[in-house]
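Read top to bottom, the protein sequences are chains A and B. Everything in the first sequence is counted per this note's numbering, starting at 1 for the first residue and increasing by one. Everything in the second sequence is counted per this note's numbering, starting at 1 for the first residue and increasing by one.
Note that these hints are calculated values from the structure, not bench results. Among the hints, a few may not be true.
[To be verified] Listed below are the simulated DSS-like cross-link pairs for lysine-lysine, each with C-alpha atoms no more than 25 angstroms apart in a straight line:
(1) Lys97(B) <-> Lys2(B)
(2) Lys92(B) <-> Lys130(B)
(3) Lys194(A) <-> Lys97(B)
(4) Lys2(B) <-> Lys308(A)
(5) Lys203(A) <-> Lys332(A)
(6) Lys97(B) <-> Lys144(B)
(7) Lys97(B) <-> Lys62(B)
(8) Lys66(B) <-> Lys308(A)
(9) Lys62(B) <-> Lys90(B)
(10) Lys62(B) <-> Lys72(B)
(11) Lys38(A) <-> Lys203(A)
(12) Lys308(A) <-> Lys111(B)
(13) Lys194(A) <-> Lys141(A)
(14) Lys130(B) <-> Lys144(B)
(15) Lys201(A) <-> Lys332(A)
(16) Lys203(A) <-> Lys330(A)
(17) Lys66(B) <-> Lys141(A)
(18) Lys141(A) <-> Lys72(B)
(19) Lys97(B) <-> Lys65(A)
(20) Lys39(A) <-> Lys65(A)
(21) Lys130(B) <-> Lys90(B)
(22) Lys2(B) <-> Lys130(B)
(23) Lys62(B) <-> Lys308(A)
(24) Lys201(A) <-> Lys341(A)
[As the list claims (entries may be wrong)] Some but not every residue of chain A turned toward chain B, in silico, with C-beta under 8 angstroms:
(25) Leu121
(26) Pro122
(27) Val184
(28) Tyr247
(29) Pro303
For each residue, glycine too, the CB sits at the ideal point set by N, CA and C.
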Amino acid sequence: MKMNGAQMVLSCLEAEGVDVVFGYPGGAVLTLYDEIYKKGLRHILARHEQGAAHAADGYARASGKTGVVIATSGPGATNLVTGIANAYMDSIPLVAITGQVARPGIGTDAFQEADITGITLPITKHNYLITELQELPRIFKEAFHIAGTGRKGPVLIDLPKDLQAEEGEFVYPERVEMPTYRPVYEGHMGQVSKAATAIRKAKKPLIYSGGGVVSSGAHAELLEFSQYARIPVTTTLTGLGSIPCQYEYYLGMPGMHGTYAANHAISNADLIIAVGARFDDRVTGRLDTFAVNAQVIHIDIDPAEIGKNVIVAIPIVGDVKMVLRELLKKLKPGDTAAWCKQVLSWKKDRPLRYQQMPDAPLKPQFVINELYRLTAGDAIITTDVGQHQMWAAQYYHLERPRTFITSGGLGTMGFGFPAAIGAQVAFPGRTVICIAGDGSFQMNSQELATAACYNLPVKVAIINNQYLGMVRQWQEFFYGSRYSQSCLAGSPDFVKLAEAYGVVGLRARTVDEVPEVIKAALQTAGPVVMDFSVDPQENVLPMVAPNTSIVEMIGGDTP
Amino acid sequence: MKRILAILVEDRPGVLTRVSGLFSRRGYNIQNIAVGRTIEPGISRMTVTVEADRLTVEQVVKQLNKLVNVLKVSDLTDESSVGRELMLIKVKAEPEKRSDIQQMVATFRAKIIDVSPDSMIVEVTGDEGKLQAFMLMMQEFGIKEIASTGNVSLLRGGRTTREARG
Ligand SMILES: Cc1ncc(C[n+]2csc(CCOP(=O)(O)OP(=O)(O)O)c2C)c(N)n1
Ligand SMILES: [Mg+2]
């Protein structure tokens with residue numbers, strides 16, 4: 001069929017099953033936006049391209065589908081950069097479509113020209129500049145394929161303005177022909193058998209699982225594995241929700257702000273089975289003290305992750321769901337009774353704790369615990385980055401995967417709110433709560449207009465400690481309490497800010513007000529901003545100082 | 001240690017940037033790089049020499065394999081392979097020194113490819129050791145300028161790079 005480049009883009013999106021896109025128009029995508037208008041494709045207009053990118057990311061994390069974001073050339077494209085990097089670090093499938101100046105202008109510093117393929121080279125799984133119209137269908141097919149297969153990630157397509165108006169014949173390829181891109185899904189059977197043997201022989205095994213379990217949808221297999229083999233589990237920040245929090249052998253999160261039980265289990269284990277996790281420095285602490293007593297089995301779809309940070313005895317490259325299924329067939333439980341008893345006693349005796357006195361300033365942990373209690377753990381949670389993120393990870397207990405949406409690898413302040421908008425677009429009927437920092441929220445608070453405009457009933461809970469709290473905490477612990485530039489005096493009144501956008505704003509300062517505010521918010525049909533005025537001095541504990549052993553826990557030793 | 005990687009890539013715009021960018025981004029230093037065609041249309045070959053230990057190179061190879069335009073990466077260092085580099089040397093050559101230079105050129109099986117009243121250009125091919133030795137000899141006469149290609153390598157015997165391991 002004959003059509004122009006912009007119509008081709010719409011046809012490609014349709015063929016890929018895309019029913020909603022996030023974006024922001026501009027000169028280099030006018031033709032594309034004209035077709036969006038004519039075709040009536042559902043488009044969520046953000047108020048900043050970064051917001052659009054994070055919303056597409058949040059949509060992808062909540063739904064498991066590939067998110068799509070559109071921006072114009074130059075500043076529109078560069079505003080996507082943080083969002084793309086964020087998706088890259090957490091392996092989130094995203095297709096970013098950017099306008100580019102017309103082909104004759106490329107390389108001339110034309111108005112609003114930026115070399116966005118050059119800029120995003122290290123933060124995309126792959127990217128394309130389309131120079132010939134006939135390549136467009138193949139490139140879109142490949143882009144969606146690359147984004148959503150193997151270790152998932154963002155792909156960017158740069159689309160010159162003149163090409164959008166050029167006419168050509170459209171045929172969408174049925175299959176991709178990419179001899180250079182062939183992810184491995186099936187684990188090597190010999191390695192799987194070896195792993196089964198090692199697991200049966202282990203006396204102190206531990207499962208350490210991550211975001212890969214969520215990505216491959218392997219949560220049921222993971223739980224079965226742990227139950228059948230009687231092996232305790234710890235999950236990383238991006239893996240939270242893949243094991244139900246009530247599960248007996250679940251130890252919580254490991255690492256810098258991990259639980260006593262998880263960190264001590266790692267350090268005492270004789271076998272660590274890493275499942276879709278990548279031994280990030282926030283998990284391992286000082287590498288030469290990490291899991292010194294353990295052999296490592298590492299299951300991951302990305303061969304480059306294996307052996308990157310720790311020495312691996314039994315590597316298994318493959319999709320974690322498929323590998324776990326094969327492993328389950330071969331597995332015989334070992335004798336882990338004594339170990340489990342020990343680990344469960346750590347879990348019982350050294351839980352995470354905080355204290356909320358009735359008349360004292362609000363503790364952030366209490367606020368999050370109330371959110372958990374009043375939503376019966378059934379909400380989709382998104383977070384910003386900082387102390388509140390760690391408290392959310394520690395105190396909002398999760399039952400299901402894809403219900404904890406957080407910026408893990410890049411640690412992007414300002415991610416939570418637009419991500420919540422994306423999650424709400426994916427699941428209009430579910431409760432979506434953004435647990436935000438007062439600093440982080442101000443990085444993308446303009447998206448209040450987006451939530452208001454589409455009446456997306458996102459509930460924002462600002463943990464307002466009047467500080468860049470995590471920075472303040474590090475300054476207190478490691479920089480002699482010299483609070484350099486971490487006080488947020490001069491922040492707006494968030495209730496009034498919400499109201500300025502036509503969004504309901506509520507505030508809680510006391511213990512009694514917390515449940516009232518949360519209940520009122522949950523009963524409101526539209527978006528709500530809740531401002532929780534919390535104790536500015538509160539710290540996230542336990543804490544492992546950077547580059548020390550994860551069993552040297554500040555505030556973790558007193559039961 | 002010096003390691004030699006042969007990389008087969010799709011001949012697409014920006015591929016060289018993707019490959020070299022990966023090295024610099026992950027902190028690996030490229031000593032030299034040679035790019036040229038292969039007998040397969042649309043496929044280019046890069047020969048990259050890096051200074052790194054085996055574990056580091058293993059990581060580089062895995063990262064390279066993840067680049068969508070990369071077909072095959074193989075570490076030729078531990079395989080039996082032959083490598084050559086071509087160098088052009090512009091050397092000062094006053095008339096009374098010319099026969100000395102010619103003698104040296106003959107010994108190294110190099111070639112004089114340009115002569116002017118006070119200089120010559122010599123072409124020499126070989127592995128790194130031979131080129132080093134030849135340069136040392138030419139320094140006596142005074143080197144004005146050099147240009148070199150960087151190393152290119154092939155496996156010995158019948159096997160091709162595609163058939164090489166890893
Ligand atoms: C975009 C960005 N800039 C800077 C940082 C560094 N940083 C990490 S946590 C943090 C403080 C966040 O403050 P807030 O959002 O109020 O959360 P709190 O720690 O107080 O809960 C900062 C500045 C970051 N992670 N992201
Ligand atoms: Mg704060």
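Comparing the hints with the structure gives:
1. Lys97(B) <-> Lys2(B): Violated - the C-alpha atoms of lysine 2(B) and lysine 97(B) are around 36 angstroms apart, more than 25 angstroms.
2. Lys92(B) <-> Lys130(B): holds, 20 angstroms
3. Lys194(A) <-> Lys97(B): Judged against 25 angstroms, a Cα distance of about 70 angstroms means the pair is violated.
4. Lys2(B) <-> Lys308(A): Measuring from Cα to Cα gives roughly 20 angstroms; hence the hint holds.
5. Lys203(A) <-> Lys332(A): holds, 13 angstroms
6. Lys97(B) <-> Lys144(B): holds, 15 angstroms
7. Lys97(B) <-> Lys62(B): Outside the cut-off at roughly 52 angstroms; violated.
8. Lys66(B) <-> Lys308(A): Status holds; Cα separation ~14 angstroms.
9. Lys62(B) <-> Lys90(B): Since the Cα atoms of lysine 62(B) and lysine 90(B) sit roughly 40 angstroms apart, the hinted pair is violated (cutoff 25 angstroms).
10. Lys62(B) <-> Lys72(B): The given pair, whose Cα atoms are some 10 angstroms apart, holds under the 25 angstroms limit.
11. Lys38(A) <-> Lys203(A): Judged against 25 angstroms, a Cα distance of about 64 angstroms means the pair is violated.
12. Lys308(A) <-> Lys111(B): violated, 47 angstroms
13. Lys194(A) <-> Lys141(A): Violated: lysine 194(A) and lysine 141(A) sit about 38 angstroms apart, past 25 angstroms.
14. Lys130(B) <-> Lys144(B): With Cα atoms ~19 angstroms apart, lysine 130(B) and lysine 144(B) stay inside 25 angstroms; holds.
15. Lys201(A) <-> Lys332(A): holds, 9 angstroms
16. Lys203(A) <-> Lys330(A): The given pair, whose Cα atoms are some 18 angstroms apart, holds under the 25 angstroms limit.
17. Lys66(B) <-> Lys141(A): holds, 19 angstroms
18. Lys141(A) <-> Lys72(B): Holds: lysine 141(A) and lysine 72(B) sit about 23 angstroms apart, inside 25 angstroms.
19. Lys97(B) <-> Lys65(A): violated, 74 angstroms
20. Lys39(A) <-> Lys65(A): holds, 22 angstroms
21. Lys130(B) <-> Lys90(B): Distance ~17 angstroms between lysine 130(B) and lysine 90(B) Cα, so the pair holds.
22. Lys2(B) <-> Lys130(B): holds, 16 angstroms
23. Lys62(B) <-> Lys308(A): holds, 10 angstroms
24. Lys201(A) <-> Lys341(A): This hinted pair holds, its Cα atoms lying about 18 angstroms apart.
25. Leu121: Constraint on leucine 121(A) satisfied, holds at 6 angstroms.
26. Pro122: Status holds, d = 5 angstroms.
27. Val184: At about 11 angstroms, which exceeds the 8 angstroms cut-off, the nearest Cβ of chain B leaves the hint on valine 184(A) violated.
28. Tyr247: Because about 34 angstroms separates tyrosine 247(A) from the closest Cβ in chain B, which is outside the 8 angstroms limit, the hint is violated.
29. Pro303: Holds, because the Cβ-Cβ distance from proline 303(A) to chain B comes to roughly 5 angstroms (cut-off 8 angstroms).
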